[in-house]
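Number of protein chains: 2
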Amino acid sequence: MESLRFVLPQSEIPTHWYNVAADLPSPPLPPLGPDGKPATPEQMGVIFPMAILEQEMSTERWIPIPQEVREIYRLWRPSPLVRAARLEAMLGTPAKIYYKYEGVSPAGSHKPNTAVPQAYYNRQAGIRRIATETGAGQWGCSLALACQMFGIEARVYMVKVSYEQKPYRRSMMRAWGAEIFASPSAMTQTGREALARDPDHPGSLGLAISEAVEEAASRADTNYALGSVLNHVILHQTIIGQEAKKQFEMADDWPDVVFAPCGGGSSFGGMAFPFFADNAAGGRNGKPVRLVAVEPASCPSLTRGKYAYDYGDSSGFTPMMKMFTLGHDFTPPGIHAGGLRYHGASPLVSQLYREGLIEAVAVPQLATFEAGVTFARAEGVIPAPESCHAIRAAIDEALRCKQTGEPRTLLFNLTGHGHFDMSSYDRYFAGELEDFEYPREAIEESLRHLPDFA
Amino acid sequence: MESLRFVLPQSEIPTHWYNVAADLPSPPLPPLGPDGKPATPEQMGVIFPMAILEQEMSTERWIPIPQEVREIYRLWRPSPLVRAARLEAMLGTPAKIYYKYEGVSPAGSHKPNTAVPQAYYNRQAGIRRIATETGAGQWGCSLALACQMFGIEARVYMVKVSYEQKPYRRSMMRAWGAEIFASPSAMTQTGREALARDPDHPGSLGLAISEAVEEAASRADTNYALGSVLNHVILHQTIIGQEAKKQFEMADDWPDVVFAPCGGGSSFGGMAFPFFADNAAGGRNGKPVRLVAVEPASCPSLTRGKYAYDYGDSSGFTPMMKMFTLGHDFTPPGIHAGGLRYHGASPLVSQLYREGLIEAVAVPQLATFEAGVTFARAEGVIPAPESCHAIRAAIDEALRCKQTGEPRTLLFNLTGHGHFDMSSYDRYFAGELEDFEYPREAIEESLRHLPDFA
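Chains A and X supply the protein sequences, listed in that same order. Under the working numbering, the first residue of the first sequence is numbered 13, with each subsequent residue one higher. Under the working numbering, the first residue of the second sequence is numbered 13, with each subsequent residue one higher.
Any given hint could be a false lead.
Covered by chain X, according to a simulated footprint, are these stretches of chain A (three or more residues, beta-carbon under 8 Å) [claimed, not checked]: (1) 102-116; (2) 178-189; (3) 353-359; (4) 368-382; (5) 390-398.
Here are some of the chain A residues that sit facing chain X, going by a computed Cβ distance under 7 Å [stated by the list, open to error]: (6) Leu16; (7) Val19; (8) Arg82; (9) Gln160; (10) His431.
Keep in mind that the hints were calculated from the coordinates and are not lab data. In this text, a Cβ means the ideal position worked out from N, Cα and C, and glycines have one as well.
Same shape as in the complex, but just chain A (with noise of 0.2 Å):
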């Protein structure tokens, strides 16, 4: 009986990250304070760890992994790469399709594997509390899930409407012993103030991550953690892309193509640098691998935003960095359902696309769950609404190479299991949600509120 899971012994566990800046053709922008002028490690160090701004700034192409971090990753990974034959045979394509799953982490997807290490460097710099922002609850899980391997004191700051809506994953991070507090909270100033100017505020993650930096920032033993956009975050995902590699080394297969959800570009960044990097080396096979990013229609940062410097928040707290961004202010429709709601994508994704070497694609969100429904009752598992972009532009293509009759290798991210989304699926099933596609106006709109130095 033939393979189709490819499992890695945990010996294979990467060694080191691997740095997309050593590869890009003009080094990486930096990010820049409220002046307009690169900002320094200095301000950012009120909130970050020195070993964090050092991954964040740093152009060296491998970056070891400490031990332990990967005697955290042995928990879960390697996490497998299968080969979805079944959903081949229903599709009738000539087409190969593998996934990596991601969803096999005790937080159910891709996150855990920047909240350890990042637990692991605050710990080091003697910090004992690390707090930050959540919205649906995913990175909330993973952030709680990787203090408590290091007893580090998580505290998360949710989003108030979600925190009503989904109390399992606030019960997931009271297991892992996380402290929740809705947001906006009486904990911080910002929350409070929010609260004076209207009591039932349902919150918003701009409001949450003001909290959290609030905390962060005012606090010595404190710091704050993002679960996505940052260099950082996006260099400790690429053990998912090295893994992948390999186990394409075991199945002696190759991908042609690979695509990955994109929002802040962590799940995207994780799975398509590692194979960015044989292509910025003239490729493994003498041709390129093709990255595909896959964004919602509904939050179109890649396919329909502007390149320019904007802030990482809505509030304009933050430095800004140079991305594709809808404007800091840009809200996706209350009928997205389908999550990748940030308004723009990471620095680094945003300029690979930018210089021709990615692509990018817009998926309308019925039909990214239905390819949700279909990989389900092919192969089990129930996809987080995330990893749906994914599996609907890697079908699309698997339809394609039908109609050609082309043998191509496909491979996608599934970044999740959908265990705690299932309320979208309801809301699926019942012809709740809608396609939603921005006018060009609304667009132009939010992108005149980018800051003056974009």
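Put chain X on the given structure of chain A with help from the hints.
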């Protein structure tokens, strides 16, 4: 870096199930029909396919696993055997603790191990629909998944109170294409009568079984499937223990004691029986492996029940089986959140216990959740409440080893993850759960209702 996860290649997925009936000191006692005579295959053939009935009656030691079933197992099997090194360190025990993790199946538990062959044999017999019942939804999900894989319609009668309180298990079944009815339903005579008596009837597992059996018995194209208790179900689950044995060989180790949660008995039998095969042959290392069934103190069929013929369901529709039972109308208290609510233990498990070949222990509820949280904080995975019973017993043994200094090797069956049971954890964290032990008189009372042939 030492390996903590032992993952077999897919070529090592077992080719046969192990039938413990071949190694019992005396032959299993047959189920009895309403007249007190052994139930015939013809009687049971109304709702089960002949291939399943043959397995139910078989005393062959090895029964081949069809290739089509192994191909589906391949979607998630072999499941990992994991050394819980962080848990050992947290407990400060000289014991080595391993767990076999069945939560990697798409449905999140060990149940698909039997749902898949049951769907396969029904499909082979030309059956187009399978009706079943589900309480919390774990079994319903597994059957929905399995039926999807073989193109069979799954019709799941879900206890109404769970249908309303556990919408996400329902969405999961729907994602796999099943039809779900709140029981009592208007689909069956049994359901209509119950609704006529009480339009707000909350449903019960006994009633849901009756509805599913009625539908299966009344339609030639429809059969019934059960997720535990029966011999063929435990037979299918022996893939767990067989894999575990191969994985211990990989790890160059061998368990001294094996723990598994025990409700109906399939997760215990599935894990323990392959080790019993060695015990029956004199013990692999010249000494037997201790096999410990762990049940809830509030539903203690093995440790406090009576070994007698009793009905398999609460309404008395099924054949009678010789088993340890608390009485077919025994119901655990509402305060009991941890699953394993069945009134009896499978006839095979019961017979081995009666003959002193396995052990049993009952654990109180609060201690099981405490063990689950300890495990989650050490190892990451949030365990299903059922699995927490085995974890409790394994931790207790590890703590005894700490006192005595004995470096025993322990194995437990981590039967599933707790992603759909977070509301039980919530009740635990909120202090809403209590320990409950039935007074002797209450058990004696329900044992007074045993059938005449007991």
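Verdict on chain X covering the region 390-398 of chain A, criterion of 3 CB contacts below 8 Å
holds (count 4)
Are 3 or more residues of the region 353-359 of chain A near chain X, judged by a Cβ distance of less than 8 Å?
violated (count 0)
Examine the region 178-189 of chain A: at least three residues should have C-beta closer than 8 Å to a C-beta of chain X.
Held - the region 178-189 of chain A has 8 residues with a Cβ nearer than 8 Å to chain X, which meets the minimum of three.
Holds or violated: the region 102-116 of chain A covered by chain X, criterion of 3 or more residues with Cβ-Cβ distance under 8 Å?
Violated, because only 1 residues of the region 102-116 of chain A bring their Cβ atoms closer than 8 Å to Cβ atoms of chain X.
Taking the least C-beta to C-beta distance, is Leu16/A closer than 7 Å to chain X?
holds, 5 Å
Chain X contact restraint on Gln160/A - CB to CB distance below 7 Å:
It holds, given that the least Cβ distance between Gln160/A and chain X is near 5 Å, below 7 Å.
Can we keep the Val19/A interface hint, with Cβ of chain X closer than 7 Å?
Where the cut-off is 7 Å and the nearest Cβ of chain X is about 5 Å from Val19/A, the hint holds.
Restraint satisfaction for His431/A [CB to CB of chain X, less than 7 Å]:
holds, 4 Å
Checking C-beta pairs, does the region 368-382 of chain A have three or more residues closer than 8 Å to chain X?
The restraint on the region 368-382 of chain A is violated, since only 0 of its residues have a Cβ under 8 Å from chain X and three are required.
Can we keep the Arg82/A interface hint, with Cβ of chain X closer than 7 Å?
For Arg82/A, the interface hint holds, since the closest Cβ of chain X sits about 6 Å away, which is under 7 Å.
Hints 1, 3 and 4 from the list above are not met by this structure, while the remaining hints are.
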